[in-house]
Amino acid sequence: MMMAVDRRSDEALLARAGADDAAFAVFYRRYERLVLAFFVRSVGDGALAADLTAEVFAEVVVSLDRFDAQLGSGSGWLFGIARNVLARSRERGQVEDRARRRLGLPQLALADQTIERIEASLADGRALELLERLPAAQRAAVRARVVEELEYEEIARELRCSQSVARKRVSRGLKSLRSLLKEDQ
Amino acid sequence: MSLFLPELERQLREAIRQRSTQAAAVPRRERPRWLQRRAPVGAIALRSRSEEPNHVSVPAVRAGVRVTWGRAATVLAAVSAVMVALVAIALLGHGPRRGTSATRTVGRPPGRSLDAQLAHGVHPLAPAALLKMPILGRTGTEDLADLRGKVVVVNVFASWCAPCAAEEPVLEQTQKQIVGRDATILGVTYLDTAPDAERFVTAHRITYPVLRDVGGDFARAYGASGIPETYVINRQGQVTAIRRYEITRGWLANALAALAIATPARAAPKQRASLTNIEPDVMCVACHQPLERAHTPPAVAERRYISSLVAKGETKAQIENALVRQYGPAVLAKSRTTHRPR
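Residue numbers (this note's numbering), protein chains in the order written: chain A, 1 to 185; chain B, 1 to 342.
Isolated chain B, as found in the complex (with noise of 0.2 Å):
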């Protein structure tokens, strides 16, 4: 199978050549960040701390590979790095204050990138977490440090990007989730106009606090090379994960779950309602019958109506208050029991 575009893939690979040419060139840690490559699939601590957050561990160890020398001192550096991590954020309070530098790590290795050092079990404290952005739908301004002591769960998104849109639901649903819990979303938009970024807002109901990074600022400081990007701040103000693209539910009740926020995202999943699990509970309004043994015209018509609900996706507590709505309570079975005299 021949190429579209073979001189793309001639170019692409000559540029590859040079940057591992330059790379080689220069020692490791003056490298600048475009030329640090991460660590080889398979090797020690490829994993986001999402899922083992205020807890550095050395997972070669535990992934099973043998640990050399130069493993085992890399592993120890790291875990020193967090000792010393961990002191200073005892000593500084827990988390970003004013008049600290808003971009200070903690034990971050010179040159290295956020996801560098998650990927080596590096909480670094969250950049631009002074950063002041104007706080969208109102007047005034916030920026991250006015939430310390919450779990943040940063999503930077505009309204003109398509895959922002498609996360939201998720977003969405989570924050209703966590919201008493010392924990929220709270949106960033990147490069909006007020006016978009409200409408965004208004048309997927979003609930979460929103403010606006103006000038991409603080999007700049996390890294951001695309939108949407989500970033987990524990209660220390360190972050715990990453995701450079667009979220999953999953990814996203992981990342909560491991700082001890559960969300029903693990939980089993909702059953999903459908007419014959509903009959039982429900009454024929005509003769007083169970549904599913009733054989009335209005028992055909509620059937009808519980169908047309079930095709709209809704669940079953929502169907059977529409059916108290449009009936009143003697149409559930459960109704009626529960008034039954003893």
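Bound conformation, chain A alone (with noise of 0.2 Å):
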């Protein structure tokens, strides 16, 4: 079964998700993998990852009534929170975990397949992490394809654009990360 696509906005899933936890979810879904794979690059290890990525989330929960859409996106704040926790975490020498203590979390389990994935599969999570440089439609676009995995007909209804300019705009997203990729070795 096709999963529907959810077409609102990080800022107002985030608007939503301190009284809705389905919004949450969809923003959740949105940056599981891309948060994973800068941790996984930064710190090459997927336990680890996984372990600065729940109490990444775990902030968000703690922090909505902090975002504030008009002072920057979504995305960019998530990404402010997941630079500070891996700062904070380096600099005390283990994995922080005051706002999952804060929310009552249990101790994620992770299985040994579990980390094996997160690690094979983010293994490229440089690319993961350069699409945010990409221009706002190119990164929705190339994020709806390869990340999410849809059809060029769901990205044309997501995006409300043609699927030839879909088509397009993944396609010059897919060159520029290449450029990016290029200038970052």
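Simulated from the structure, these hints should not be mistaken for laboratory data. Wrong hints could be hidden among the right ones.
[To be verified] Straight-line C-alpha distance at most 25 Å; calculated SDA-like pairs for lysine to any residue:
1. B:Lys312 <-> A:Ser179
2. B:Lys150 <-> B:Ala162
3. B:Lys316 <-> B:Pro298
4. B:Lys176 <-> B:Ala262
5. B:Lys312 <-> A:Arg133
6. B:Lys150 <-> B:Thr248
7. A:Lys168 <-> A:Tyr152
8. A:Lys175 <-> A:Arg101
9. B:Lys312 <-> A:Leu180
Bear in mind that the values here come from a model prediction, so they are computed numbers and not experimental data.
With the hints as a guide, bring both chains together as one complex.
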């Protein structure tokens, strides 16, 4: 069964998330892979990346009332939290768990297969991280096609454009990503 | 597409459900800060006062939102609170003073966070204004109240924080632009050792004053949840804008412009130097023709030198200065014009 695409913006989802866990779930599903990829690249360890990701999303839940869409994008805010969690964890020599303790979340149990899957799937984490640097239209198209694995028909519906425009945005976005990767190396 | 951590999603959704149930069970005015929700986007007054400081307006009316009686009452309450605040400020002699409460706020509704107050158009007095903090790099202590009468941009940072390092150039450049205009950036290190902080200050050539929040009390008073964080405080000692993560040049320029401190960030961007726009103003030192028309070996060398400086990102003025140092004042066409006998 094909899952319906939620067209709400990140900012609209975050504005609703405190009172609507389904809105939070949509946001979480959009960014789980990207945040994990960010941490896999930063720390090079799947289990540690999962631990840090759990703290980041817990911090998102704790700080929802601080998010102001007029001061920046939802993804920028999320990755700001991710960078802070990483910096504080490095400083302390252990993964921070303040937000999770505040929410009373139990320890996340991770199977070996999950850790292997994270490391294997997100080895190209830098590409996902660089995705954030693309213009908004290209980013949305590449994310829908490559990360969410949607068909062009669905992408066109989600982005409210024709299929040919969606294809062009994906193509240009991937081309820009390749250039960014080259610059980065 | 399947999730990597579905259990985490389930736990977080459960936590949100619990928090919203608890929030619904507690009367709004008695809710602890973590249970307070800001108004949904699109409702009244959700803008940081950074755009319109020293001025509490009725955003619902300005934004063309239909004002219901309930909203009108909210707006009237906010206006009243600010009127009371302004009177209080006038009576208290503009801003925090020694002997007064360091955390007193103006028109602060009970239990409201700084962010919520700003979102509702209230500019609270800066918390912890009387908290003495050691000055980095020398002996002595200072507090915010010592800077009374100045616009202060407080930037909480740490040497171990990568986003803090990323925003430093913007802060330092802004400091150079505002320092002579009764305004300053004030760095506050968060849980950092003095040697590390000093190394950071040296590495980033920071010229603004830096205080050390040794125990984290200052950051806590502002409800900081991470760093970097930046607070803009007006001449009356009121917080007018808050940034809970890395600043941008545009945000800082807007926040300062709103306090009548214009920075060139709002002016036209600086023209990028290029060989083409420098050549007409430079002479060949061998044939004394404008460089754009000269073909002598020294002219080629001059062009190569200019290109290397352009590649380094230097401005036209910097490149011209470098040419004068290298070849003497005659290298500049304008210098010849200036000294040409009439």
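Now the hints, each set against the structure:
Of the pairs offered as hints, the one joining Lys312 (chain B) and Ser179 (chain A) holds, with about 22 Å between alpha carbons and a cut-off of 25 Å not exceeded. The straight-line distance between the Cα atoms of Lys150 (chain B) and Ala162 (chain B) is roughly 29 Å, outside the 25 Å bound, and the hint therefore fails. A hinted pair counts as satisfied when its Cα atoms are at most 25 Å apart, and Lys316 (chain B) with Pro298 (chain B) qualifies at roughly 20 Å. As the CA atoms of Lys176 (chain B) and Ala262 (chain B) are separated by approximately 12 Å, the hinted pair is consistent with the 25 Å bound.
A C-alpha spacing of about 24 Å is found between Lys312 (chain B) and Arg133 (chain A), which places the hinted pair at or below 25 Å, so the restraint holds. About 22 Å separates the Cα atoms of Lys150 (chain B) and Thr248 (chain B), which keeps this hinted pair within 25 Å; it holds. Between Lys168 (chain A) and Tyr152 (chain A), the direct Cα distance comes to roughly 11 Å. Compliance with the 25 Å bound is thereby established for this hinted pair. For the hint pairing Lys175 (chain A) with Arg101 (chain A), the CA-to-CA distance comes to about 43 Å; that exceeds 25 Å, so the pair is violated.
The suggested pairing of Lys312 (chain B) with Leu180 (chain A) holds, with an alpha-carbon distance near 21 Å, which does not exceed 25 Å.
Against the hints set out earlier in the document, violations occur for numbers 2, 8.
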